[in-house]
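Let the sequences and hints guide you as you build the complete structure.
Protein sequence lines correspond, in order, to chains C and G.
With our numbering applied, the first sequence covers 1 to 471.
With our numbering applied, the second sequence covers 1 to 161.
Honestly, the hints are just simulated from the structure, not real lab data.
Everything numeric in this text was worked out from a predicted model, so none of it was measured.
All residues carry an ideal CB built from backbone N, CA and C; glycine is no exception.
Honestly, I wouldn't trust all of these hints.
Simulated pairs of lysine-lysine, DSBU-like, Cα-Cα distance not exceeding 35 Å [to be verified]:
hint, chain 1, residue 1, chain 2, residue 2
1, G, K113, C, K124
2, G, K2, C, K185
3, C, K322, G, K113
Short derived list, chain G residues pointing at chain C, Cβ under 8 Å [claimed, not checked]:
hint, residue
4, R15
5, L143
6, A144
7, A148
8, A149
9, M152
10, R158
11, G159
12, R161
Per label pair, the in silico range of CB-to-CB distance [what the hints assert, rightly or not]:
hint, chain 1, residue 1, chain 2, residue 2, range
13, C, Q314, G, V153, 21 to 29 Å
14, C, L244, G, A77, 57 to 65 Å
15, C, L80, G, D51, 50 to 58 Å
16, C, V308, G, V153, 23 to 31 Å
17, C, P138, G, A77, 53 to 61 Å
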Amino acid sequence: MSAPPTSRPRVRLPRPTRLQRGGLLVGAVVFLLPLVVDIPGLDPAGQRMLAIFLLAIVFWVTEAIPLVATAVLVILLQVLLLSEQAILPGSEEVLTSASVFAALADPVIVLFLGGFLIADGAAKFGLDRNLAAVLMRPFAGDARRTVLGLMLITALLSMFVSNTATTATMFAVVIPILVALPPGKARTGLALSIPVAANVGGLGTPVGSPPNAIALGQLTAMGEQVSFLGWMLLAVPLMLVVLLFAWWFLTRRYVPPGVPLDLELTADFDRSPAARLFYVVAAGTVTLWLTEPLHGISSSTVGFLPVVVLLATQVMTGDDLKVLQWPVLWLVAGGIALGSGIGASGLDVWLLGLVAWESFPVTAVVVLLAVVGLGLSTVISNSATANLLVPLAISLAAGIGTDPTAIAVVVALACSLAMALPISTPPNAIAYATGEVDTRAMASSGIVIGAVGVGLLVFGLPPLWNLLGLV
Amino acid sequence: MKLAVLILEDEPPVRDALERDLAPFRGAIRIEVAEDVDDAWAVVGEIDADDDRLALVLADHRLPGTTGVDFLVQLLADDRTRAARKVLVTGQADQADTIRAVNEAGLDRYVAKPWDPDELRAVVRNELTEHVLEHRLDPLPHLAALDAARVMVLLRDRGDR
Numbered sequence: 001m002s003a004p005p006t007s008r009p010r011v012r013l014p015r016p017t018r019l020q021r022g023g024l025l026v027g028a029v030v031f032l033l034p035l036v037v038d039i040p041g042l043d044p045a046g047q048r049m050l051a052i053f054l055l056a057i058v059f060w061v062t063e064a065i066p067l068v069a070t071a072v073l074v075i076l077l078q079v080l081l082l083s084e085q086a087i088l089p090g091s092e093e094v095l096t097s098a099s100v101f102a103a104l105a106d107p108v109i110v111l112f113l114g115g116f117l118i119a120d121g122a123a124k125f126g127l128d129r130n131l132a133a134v135l136m137r138p139f140a141g142d143a144r145r146t147v148l149g150l151m152l153i154t155a156l157l158s159m160f161v162s163n164t165a166t167t168a169t170m171f172a173v174v175i176p177i178l179v180a181l182p183p184g185k186a187r188t189g190l191a192l193s194i195p196v197a198a199n200v201g202g203l204g205t206p207v208g209s210p211p212n213a214i215a216l217g218q219l220t221a222m223g224e225q226v227s228f229l230g231w232m233l234l235a236v237p238l239m240l241v242v243l244l245f246a247w248w249f250l251t252r253r254y255v256p257p258g259v260p261l262d263l264e265l266t267a268d269f270d271r272s273p274a275a276r277l278f279y280v281v282a283a284g285t286v287t288l289w290l291t292e293p294l295h296g297i298s299s300s301t302v303g304f305l306p307v308v309v310l311l312a313t314q315v316m317t318g319d320d321l322k323v324l325q326w327p328v329l330w331l332v333a334g335g336i337a338l339g340s341g342i343g344a345s346g347l348d349v350w351l352l353g354l355v356a357w358e359s360f361p362v363t364a365v366v367v368l369l370a371v372v373g374l375g376l377s378t379v380i381s382n383s384a385t386a387n388l389l390v391p392l393a394i395s396l397a398a399g400i401g402t403d404p405t406a407i408a409v410v411v412a413l414a415c416s417l418a419m420a421l422p423i424s425t426p427p428n429a430i431a432y433a434t435g436e437v438d439t440r441a442m443a444s445s446g447i448v449i450g451a452v453g454v455g456l457l458v459f460g461l462p463p464l465w466n467l468l469g470l471v
Numbered sequence: 001m002k003l004a005v006l007i008l009e010d011e012p013p014v015r016d017a018l019e020r021d022l023a024p025f026r027g028a029i030r031i032e033v034a035e036d037v038d039d040a041w042a043v044v045g046e047i048d049a050d051d052d053r054l055a056l057v058l059a060d061h062r063l064p065g066t067t068g069v070d071f072l073v074q075l076l077a078d079d080r081t082r083a084a085r086k087v088l089v090t091g092q093a094d095q096a097d098t099i100r101a102v103n104e105a106g107l108d109r110y111v112a113k114p115w116d117p118d119e120l121r122a123v124v125r126n127e128l129t130e131h132v133l134e135h136r137l138d139p140l141p142h143l144a145a146l147d148a149a150r151v152m153v154l155l156r157d158r159g160d161r
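This is the structure:
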C-alpha cells in the first residue's frame, strides 16, 4: 500500500483589503508626523508616544494588521522609542524595556490566564454544558420562560468563560431545538437571546471580557485597586437590569406568549478523578475570588493558583496551555502598555490640556466617552476600543475632577454593550451565521439594548455607586 | 474563501441530478461539475486560482478511459486536493475497486446509485463538517452547509475581541 505523502500545510497570505491598505498608509503617515514635526508644549518623549498612539488608533480601527499584531507593535515601539534601548537619540528614557515587556505578564494578564484555564477546563470536562442542563430545568415548558432561562444561564457562564465560547456552547445546545421550532419570529428571538446574554454577561466580572481587564490593568498600574468582588459590585447591578430588559424586549418582540417549548437537556457529569479535581479547583478559585475582602489575596494571585494546581495534578497539561487564547491576552497587554506609556511620557497631561475640560459638566464628558466607546466598538473590536479609550478616560478623570475608577469602568462597560451588527462581537457573528437572525433584527435589538444599557450606565450607575460608597 | 464540492460524473442526466439535489447548498458553498478527469483537474485549478478550497469530491467510478477510484488516488498526490473528503457515488464498483478506494485513496464514504436525495445531502453535510473540523477552518462562512451544532466547538477557542 502506498502511504500518502506527508502533507505540509500551505500558508496563504490574505490579500489586504482597500481599508487595510489605506490603514497601512495613513498609519505610517500619522506615525511619522509627530516624529518630524515639532509639537508645541509636548516634549520629545511625549511626541514619540503620540506617534505610537496615533499609529495604534489607525491600525486598531482599520485592522491594517491583525489586532494582536498592533498590540505587540505598540510594545516594541515603546521599547525602541522610549526606553533605555531607544534607537533614536534625543529623548530621555521614560520607561525601562523590562517594564514595557512586563505588560505581557501584567497581574491582570495572570488573572485572565487563570480565568482562561478554568474556562477551558470547564469545556474539557463538559462542566459548562452540564451546568446549563441542570440550571435549565426550572425554565422548561414555555418559550418565553425558556428564553429567560437560556439568557440567565448564558450570562452566568459568560461571567467566567469568554463571551464567544459561551455563545458557541449554548448554540451547540440550542441549535437542535431551534430547528425544531417553526421558521419565523420565535426562532429569531431565541437565536438573538444567546449573543445578547453572552455580551451582557461579560460585564459582570473582571474575567468576563477583555475590556474589563484593560480597565482593571490600567487602574492597577496607577495604584487604584479594584478587587474581583469590587468589580462585581460595580457591574452586576447593570448586568442584571440590562439582561432582564433584553429578555423583556426580545420576548415581547419575537416570542408570542404560550408557545410550548421543551428544552430537555440531559446532564451527564464527568465523575472521573481528574474531573472531580477540576471541579474542586474551579469552585475553590471562584470562592477565593469572591472572598478577597476576607483573606486579602489579590485576584491575580488567586488566578494563578488554578494554573499551578491544574498543571501540577496534570488535570490540565501543556497542551491545554498551548490552546489558550494568547492573542486575546496579548491584545490586552498591548492596551496596558499603551496606557502606561501615555502616562509615563506625559502625553496624558498634554492631551488633557488640549480642551478646557473643566468648562464641561462631568456628566457630559462621561456621556461623550461612553457614546464614543459604544459607537466605536460597534464597528471595531471591543478590546481595541477599550485599549484606546480607557487611557484617555483615565487622563481626563484628573481634568474633570472625577474618580478614575468610575470613569474607566464606565468606558470599559460601554465597549461591551455594543451589539448592533454581526461584526460588533464574535457572539453576534455566530448568531448571524446560523441564518436565523438578519442584520435588521440584530441592529434593532442591538441599538435598543445598547442605548438602554449606556443610559443606565451613565445616568444610573454612578449615583448608585456614590450611594453605596463604592467609588 | 468558499468551500467547493466537485462532482465528477460522465453521464449528463446523472450529473444534473446530483447537481440539482445539492442545489440547496448553493450560496453557502461552491458546487462544480466535471465530465471527465481532465475536466476535473481543470476545475481543481480554477478553484485554487480563486483562493477557494476543494473540500469534497463526489466521483462516479466508471469513467471514459479511467476510473473514479484512480482519480481519487491521484488526489492524494496533489497539495490542492489532498485534504478533500472523498465519496464514491456509483453502482458499478466491484469489491477490488472498493477495497482499493478505501485502502489507497482514503475513501470516506460510499453512496450507492440510485441515491436518496435527502441521504445524499446528509452525506455532503457530514463530510463538509468533518473537513472543517479536521482542518480547524472558520466554520461561520459555510455554516448553512454544515452541521452547525457540531462545529460550534471550533468557535470556543476563538476568543473575544
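Quick rundown of the hints versus the structure:
Straight-line distance between C-alpha atoms of K113 (chain G) and K124 (chain C) comes to about 41 Å, which puts the hinted pair past the 35 Å bound. Between K2 (chain G) and K185 (chain C), the direct Cα distance comes to roughly 29 Å. Compliance with the 35 Å bound is thereby established for this hinted pair. This hinted pair does not check out: K322 (chain C) and K113 (chain G) have alpha carbons roughly 46 Å apart, beyond 35 Å. For R15 (chain G), the interface hint is violated, the least distance from its beta-carbon to any beta-carbon of chain C being 28 Å, above 8 Å.
At its closest, the beta carbon of L143 (chain G) sits 4 Å from a beta carbon of chain C; the interface hint therefore holds under the 8 Å criterion. Nearest Cβ of chain C to the Cβ of A144 (chain G): about 6 Å, under the 8 Å cut. The hint holds. Annotation: interface hint on A148 (chain G) holds; nearest CB of chain C at approximately 5 Å, less than 8 Å. With its C-beta approaching chain C no nearer than about 4 Å, A149 (chain G) sits inside the 8 Å limit, and its interface hint holds.
A cut of 8 Å between beta carbons decides the hint on M152 (chain G): the least distance to chain C is about 4 Å, and the hint holds. Hint status for R158 (chain G): holds, given a least beta-carbon distance of 5 Å to chain C, under 8 Å. For G159 (chain G), the interface hint holds, the least distance from its beta-carbon to any beta-carbon of chain C being 4 Å, beneath 8 Å. Restraint check, R161 (chain G) versus chain C: the minimum CB separation of about 4 Å is within 8 Å; hint holds.
Judged by the Cβ atoms, the range 21 to 29 Å given for Q314 (chain C) and V153 (chain G) holds: they are separated by roughly 23 Å. Here the CB-CB span from L244 (chain C) to A77 (chain G) is close to 60 Å, well matched to the stated 57 to 65 Å. The hinted window of 50 to 58 Å between L80 (chain C) and D51 (chain G) is violated, with their beta carbons roughly 35 Å apart. For V308 (chain C) and V153 (chain G), the hinted distance range of 23 to 31 Å is satisfied, since their beta carbons lie about 27 Å from each other.
At roughly 58 Å, the beta carbons of P138 (chain C) and A77 (chain G) sit within the given window of 53 to 61 Å.
Against the hints set out earlier in the document, violations occur for numbers 1, 3, 4 and 15.
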